[in-house]
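Novice: Single-letter residue listing:
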Amino acid sequence: MNAALETPHWLNESFIHSRDFFDQCPEVRDFQKKQRDLFLARGLPTKREELWKYTDLRFLSNRTFVKPSITMDVVQTIQAKHIQNSASVRLVFVNGLFSEKLSDVSLLPEDVICCDLKTAFKNHAEKIKKFIFENVDTNRFPFATLNAALMTDGIFLYIPKHTTMNVPIHILFANTEKNILTASRNIIVADENAQATILEEHCELGGRDYFTNVVTDIYAQPNSRIYYHKIQKESLDATHIAEIFVNQKHDSLVETYSLALGAQLGREDVWVNLNEHHTESSINGFYYLSENNQHIDNHAQVNHIAPLGTSKMVYKGVLEKKSRAVFNGKIYVYTNAQKTVSRQANYNLMLSPDAEVDTKPEFEIYADDVKCSHGDTVGQLDAEALFFLRSRGIEKKIALQMLTRAFAADVLNSIKNPAILAHMNHLLNEMFSDD
Amino acid sequence: MLSIENLHASIQDDQKTKAILRGINLIVKPGEVHAIMGPNGSGKSTLANVLAGRDGYDITEGNVHFEGVDLLAITPEERAALGLFLAFQYPVEIPGVNNMYFLKAALNGLRKHRHLEPLDAMDFLKTIRSKIKEVGLDETFLNRAVNEGFSGGEKKRNEILQMLMLEPKLAILDETDSGLDIDALQMVAKGVNSLRNAERSIILVTHYQRLLDYIVPDVVHVMANGQIIKSGDKSLALELEAKGYGWIEGSSS
Numbered sequence: 001m002n003a004a005l006e007t008p009h010w011l012n013e014s015f016i017h018s019r020d021f022f023d024q025c026p027e028v029r030d031f032q033k034k035q036r037d038l039f040l041a042r043g044l045p046t047k048r049e050e051l052w053k054y055t056d057l058r059f060l061s062n063r064t065f066v067k068p069s070i071t072m073d074v075v076q077t078i079q080a081k082h083i084q085n086s087a088s089v090r091l092v093f094v095n096g097l098f099s100e101k102l103s104d105v106s107l108l109p110e111d112v113i114c115c116d117l118k119t120a121f122k123n124h125a126e127k128i129k130k131f132i133f134e135n136v137d138t139n140r141f142p143f144a145t146l147n148a149a150l151m152t153d154g155i156f157l158y159i160p161k162h163t164t165m166n167v168p169i170h171i172l173f174a175n176t177e178k179n180i181l182t183a184s185r186n187i188i189v190a191d192e193n194a195q196a197t198i199l200e201e202h203c204e205l206g207g208r209d210y211f212t213n214v215v216t217d218i219y220a221q222p223n224s225r226i227y228y229h230k231i232q233k234e235s236l237d238a239t240h241i242a243e244i245f246v247n248q249k250h251d252s253l254v255e256t257y258s259l260a261l262g263a264q265l266g267r268e269d270v271w272v273n274l275n276e277h278h279t280e281s282s283i284n285g286f287y288y289l290s291e292n293n294q295h296i297d298n299h300a301q302v303n304h305i306a307p308l309g310t311s312k313m314v315y316k317g318v319l320e321k322k323s324r325a326v327f328n329g330k331i332y333v334y335t336n337a338q339k340t341v342s343r344q345a346n347y348n349l350m351l352s353p354d355a356e357v358d359t360k361p362e363f364e365i366y367a368d369d370v371k372c373s374h375g376d377t378v379g380q381l382d383a384e385a386l387f388f389l390r391s392r393g394i395e396k397k398i399a400l401q402m403l404t405r406a407f408a409a410d411v412l413n414s415i416k417n418p419a420i421l422a423h424m425n426h427l428l429n430e431m432f433s434d435d
Numbered sequence: 001m002l003s004i005e006n007l008h009a010s011i012q013d014d015q016k017t018k019a020i021l022r023g024i025n026l027i028v029k030p031g032e033v034h035a036i037m038g039p040n041g042s043g044k045s046t047l048a049n050v051l052a053g054r055d056g057y058d059i060t061e062g063n064v065h066f067e068g069v070d071l072l073a074i075t076p077e078e079r080a081a082l083g084l085f086l087a088f089q090y091p092v093e094i095p096g097v098n099n100m101y102f103l104k105a106a107l108n109g110l111r112k113h114r115h116l117e118p119l120d121a122m123d124f125l126k127t128i129r130s131k132i133k134e135v136g137l138d139e140t141f142l143n144r145a146v147n148e149g150f151s152g153g154e155k156k157r158n159e160i161l162q163m164l165m166l167e168p169k170l171a172i173l174d175e176t177d178s179g180l181d182i183d184a185l186q187m188v189a190k191g192v193n194s195l196r197n198a199e200r201s202i203i204l205v206t207h208y209q210r211l212l213d214y215i216v217p218d219v220v221h222v223m224a225n226g227q228i229i230k231s232g233d234k235s236l237a238l239e240l241e242a243k244g245y246g247w248i249e250g251s252s253s
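In order, the protein sequence lines correspond to chains A and B.
Per this note's numbering, residue 1 is the first one in the first sequence, and the count goes up by one each step.
Per this note's numbering, residue 1 is the first one in the second sequence, and the count goes up by one each step.
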């Protein structure tokens with residue numbers, strides 16, 4: 001449908017060749033080659049496409065990137081990024097590449113697989129091949145195809161049947177370099193009646209002007225429970241494009257929480273398939289845009305394919321200065337998905353008259369016995385509440401913080417793991433301490 | 001304590017300038033209780049709001065000094081730190097902000113302005129527990145969001161609780177009595193009276209004289225059309241109640 005892309009630097013043969021991170025695995029190489037061709041045939045999305053209407057990616061075609069490598073010693077600085085006051089299993093990636101030295105998997109139960117992709121191909125080839133060669137719809141998810149073509153590294157997490165992992169798994173992606181392009185792929189599987197709590201965090205440790213392209217696949221087998229959290233606090237000149245694919249079997253529960261605080265351009269697509277009956281899904285997002293020209297775009301879709309599913313989708317955001325947020329949430333209810341209960345909401349708080357929000361809630365319903373509701377607001381801070389707090393002696397800055405945090409509270413407060421909640425709140429509070 | 005000279009204030013309404021205060025003169029000395037009465041639209045609440053620093057009013061003329069400081073030149077939080085307190089006519093609901101947390105932030109905000117150490121958690125808890133009893137609210141109100149889902153009376157009691165905690169030098173109560181049943185009214189009066197001393201002043205803005213049965217004022221002012229048109233002792237309030245505002249408005253024009 002689009003003019004084929006004139007091959008950008010980051011897809012030319014020599015760049016691709018230099019990035020052969022899986023040279024021991026010819027199967028991966030063939031797969032990547034195919035994905036590259038698919039992406040080139042599709043081309044970069046343009047603003048003429050409904051799903052990319054507000055997000056301009058033209059700058060990407062002229063960009064050059066360098067191959068990621070671990071060059072800097074971050075042993076000291078990475079510690080500040082650990083989850084505090086809680087044990088955790090930690091997998092650290094520096095510039096997209098797994099660092100065994102910085103990781104700590106000592107608390108991992110014996111039968112749980114939690115490792116980087118290269119180790120997964122070496123030790124669990126059979127299992128990972130079932131998931132990793134999945135073909136996505138390139139037209140709908142071009143960046144998932146690009147991710148496959150350029151795959152740097154990532155994690156494979158497999159929780160076996162009847163295993164509950166209470167210790168949170170922290171997957172930390174730290175960027176230290178300029179102009180790198182990382183393509184991380186994470187695969188999370190909770191087998192029957194298993195449970196896991198995951199925090200995927202993207203941050204900068206000196207990195208500038210880089211491009212993170214990440215894909216996370218979540219598979220919730222029957223009766224399993226997955227609590228997935230994501231923090232995007234990239235450098236404010238970086239680009240972050242992410243896809244999260246959730247597949248749920250019957251009686252499973254998946255909660256996702258995405259906190260977007262960084263990047264100049266951030267885009268995240270969450271795509272949830274409720275494939276069988278009695279699934280429950282809770283998709284949450286909070287974004288805080290603090291800089292001029294910052295652009296955060298969230299697209300989320302929940303597909304009720306089978307009956308008796310419950311879904312909740314709540315996104316909230318705060319915008320400062322001349323920033324722009326985009327939200328497109330869609331609930332799709334198939335004919336067969338009777339007794340679906342779904343709620344969708346997007347609330348925005350504008351702290352500046354120059355900020356802009358483009359919000360589009362959608363329902364597409366083909367079943368006749370469903371309960372669906374939605375709400376969207378774009379508003380300013382309550383001036384009366386601000387005056388009230390100040391009249392009691394609370395400084396304007398603190399009063400603004402209190403009100404903004406109160407606005408965020410009902411999204412974040414439903415996070416069940418207290419250490420992850422504290423970790424996220426801490427990052428959110430940092431947003432207020434700058435000016 | 002407080003001196004207001006020839007204060008004029010207006011608001012922008014439909015691109016038209018509307019004068020609300022038209023030359024207020026008032027002096028409140030330490031220890032005095034003043035009642036400001038008057039019909040709806042006379043400018044009573046505007047005066048209270050201008051003193052507390054609410055946005056949206058243009059001060060076109062006049063001066064206000066509080067404790068020797070040019071009050072109109074400083075922010076609402078600085079006014080609070082100087083010891084000014086406004087009990088709101090319509091207290092605001094603030095979902096997501098815990099009442100106890102808010103009170104602590106307010107108290108420690110004031111202490112910071114006054115270069116005092118923050119109150120330690122135990123002392124704070126002890127103080128607030130005794131004060132909340134005084135205003136007749138259950139302790140569970142401390143763990144709820146500020147005013148959220150409170151009844152009208154509970155909101156007003158919460159205002160008085162804040163006043164008792166913050167111990168202002170000048171408390172302005174903006175129609176705190178309106179909409180209160182007799183129990184709540186007496187509780188409010190008790191709270192205010194407990195604060196009365198030789199250094200502390202109080203301005204009661206009220207529509208009815210009922211409150212003045214419980215808080216006996218030193219001076220009563222009557223406002224109409226943005227001016228104080230008559231001042232007297234507490235008997236003026238009774239006279240007003242008996243004869244109605246028409247009596248005084250008629251006699252002044």
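Everything labelled a hint here was simulated from the structure, so no lab data went into it.
Treat the hints with care, as some may be off.
Below, a list of computed lysine to any residue pairs in the SDA-like style, where the Cα atoms sit at most 20 Å apart [stated by the list, open to error]:
#, chain 1, residue 1, chain 2, residue 2
1, B, K112, A, L400
2, B, K155, A, A385
3, A, K396, B, Y214
Novice: Would you mind marking each hint as holding or not holding in the structure?
Specialist: Verification of the hints:
1. Proximity of K112(B) to L400(A) is assessed by CA-CA distance (about 18 Å); at most 20 Å being required, the pair is judged to hold.
2. Between K155(B) and A385(A) the CA atoms are separated by roughly 14 Å; this keeps the pair inside 20 Å, and the hint holds.
3. As the CA atoms of K396(A) and Y214(B) are separated by approximately 36 Å, the hinted pair breaks the 20 Å bound.
Hint 3 from the list above is the single one not met by this structure.
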